[in-house]
Amino acid sequence: SHGPRARPSRITGQVSPLHPVQCDAACREGACVPPEAEDFAWSYPVVDWERVESDAYALEDWDSLEASAAMKSFLTVGGFIYFDAAGRIVGTTTPGKPRGGDGDGLHFGAPQRWRHEWTLPLAEQGRFQPVTMRQIVGVGARSFCWLRPDEVIEDGDGQPLPVQPQVPHGGLVYLFREDVMAGEEWDRALDRYFPVAAACDEGCATLAPAASDGDTLSLFRAFSLVEECPNVDPEWAGAGPEPFAEETDQDFDCEIPEECEVPRELSTPALHHRCPEFHASLVRARQASLAVERQRSGEAFEAP
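At position 50 of the sequence shown the residue is numbered 50 (full-length UniProt numbering), and the sequence of numbers has no breaks.
Worth flagging that the hints you see were computed from the coordinates, not collected in a lab.
Since we're looking at a predicted model, the values are computed, not measured.
Hints are not guaranteed to be accurate.
[To be verified] Label pairs and their in silico Cβ distance ranges:
# : residue 1 : residue 2 : range
1 : 18        : 162       : 40 to 50 Å
2 : 160       : 185       : 18 to 28 Å
3 : 36        : 187       : 18 to 28 Å
4 : 35        : 115       : 36 to 46 Å
5 : 22        : 161       : 20 to 30 Å
6 : 185       : 84        : 41 to 51 Å
7 : 88        : 187       : 39 to 49 Å
8 : 36        : 186       : 44 to 54 Å
We put the beta carbon where it would ideally sit given N, CA and C, even for glycine.
Take these sequences, add in the hints, and give me the full structure.
Here it is in structure tokens:
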């Protein structure tokens, strides 16, 4: 055949294995989980996301999205993708912290020690990806992984390891070295995982509303990338673009070089705000691990 041929519009990303959505109707509504969603996966940051802006074929209508902090958050930080029974994408959400610190979203329990024998099986599946949130990079974390609810880690023979991470509602793992399989023993001791705290009730696995009671760490707020999100804060709904002109580059959680505005249809209070509680918890976990391991090795250590 002859003549011009249109290039397909495609973005390639890395996602976690699928897991069934186990939320009831109330939890789905509070977390902007589509009612028809059957499975979900975590979508990791897209490594060459900058190409999307410069490639006219990467998205069909990039002009309407180039000012969208929501889309850039999804590409640079990650988010959840929801699928229906036929495997079609029916919704997406991306992380952010609501102003005031309260509201719906993911809440995390205290950091737990990550065992090194858990790392290899997940690394072989490509589950660890680079950390892009600036504040988390700032405390030394280099790679992270989303753990599915009740994740079972298996050895090379397909048998469950004798000890498993306790993540009934899912969780996030952070490793503090460039090479996930390298590092000294004391360096590996810095690794931590954060289980998602219990939400609506025992039957609601992930992304459900959870009260901020001081015992959990609020990091994420789920919001929809489409207009039909049933849980948009009335204060923000229809309020038009939310400018970020008064914020400095350090206020953003990921490496976005320019300030941006949120189009009316994507307005949300949950974009690119600091999470000092989660950041402080990572710092405390790192300092405690360093102190213990250096005490064992006989080094003098004074926590900052």
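Evaluation of the provided hints:
no.: 1; hint: 18 with 162: 40 to 50 Å; in the structure: violated, 26 Å
no.: 2; hint: 160 with 185: 18 to 28 Å; in the structure: holds, 24 Å
no.: 3; hint: 36 with 187: 18 to 28 Å; in the structure: violated, 45 Å
no.: 4; hint: 35 with 115: 36 to 46 Å; in the structure: holds, 38 Å
no.: 5; hint: 22 with 161: 20 to 30 Å; in the structure: holds, 24 Å
no.: 6; hint: 185 with 84: 41 to 51 Å; in the structure: holds, 46 Å
no.: 7; hint: 88 with 187: 39 to 49 Å; in the structure: holds, 43 Å
no.: 8; hint: 36 with 186: 44 to 54 Å; in the structure: holds, 48 Å
Of the numbered hints stated above, those contradicted by the structure are hints 1 and 3, listed in ascending order.
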